[in-house]
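S.K.: Be aware that the sequence shown starts at -16, since it is given in this note's numbering, and climbs by one per residue.
What you were told as hints is all true, and nothing was included just to trick you.
Restraint-style ranges between C-beta atoms, simulated for each label pair:
1. Glu88 with Thr148: 11 to 21 Å
2. Asn32 with Thr207: 30 to 40 Å
3. Asp105 with Ser166: 17 to 27 Å
4. Arg61 with Gly203: 30 to 40 Å
5. Ser75 with Pro45: 20 to 30 Å
6. Ala198 with Pro45: 42 to 52 Å
7. Arg164 with Lys201: 38 to 48 Å
These are computed hints drawn from the structure, not numbers from a lab.
On a predicted model such as this, the values are computed, not experimentally measured, just so you know.
Just so it is clear, CB atoms sit at the ideal spot from N, CA and C, and this is done for glycine as well.
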Amino acid sequence: MQELKLPETLKRNVHEFVENLKELYRDDLISIALYGSAASGEFIETHSNVNLLIILKNTNLPTLELSRKLVNKRSNRRIEPLFLSHEYLLNSGDVFPIEFLDMKENHTCLYGQDVLKEIKIDPKNLRFQCEQELKSKLILLKQQYLKINPKDRTALANLLFRNLTSALHILRNLVRLKGKRPSYKKEDVLKEVSLEFGVGSGAFFKILHAKKNSAALKAGDFKTLLAELTLELDKITEIVDKL
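All chains should be built: construct the whole structure from the sequences, respecting the hints.
M.R.: Quick look at the structure:
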């Protein structure tokens, strides 16, 4: 297994997890891949989980039941396994282009066949998912905003930063629509989106800065930033709608 850039304890846990899966599933196990922050270099020791994609010949419930004890073992609580069949993976790129492209571009094959290399994504499906998620996000953000006490700075901050994180995830994929591989670092993604689509990224940078200095902000500051975020997302949605 390849050397992982993880804390030693987690590294040992992942190694044992992989070895146990090999013993449990034997010939039914096709591949195990590390993806997410642990593969991209964005792993944060204090709260990031380790995402593992596990490809089996079959993922019916009796098959999954074999790994129940392993998955729920206390030492594996920070390991998040995703069990898929090979067929499901290859046939679902049209439905989950964002998720599978993220995996494809940032993964490490730990065992077996590197199946993520086989995934092919139609840019039309990627554009559709980006538009759908942007519009859904805007609707939900506005609904949630109205339900929050305007003086509750904690609730406002949570709404702001939660939507920033998910928006950045979509923005990374907008860069892919231009035929380019996006950066993983947040600041670089914002610069790339600004360059490729001609939109300002000032509001996003303000929110990133606020996240690092949130203790100094009042409820009114978070309301202002939420308004700016909503305006920027509206502009970006209009651009994507015309692509």
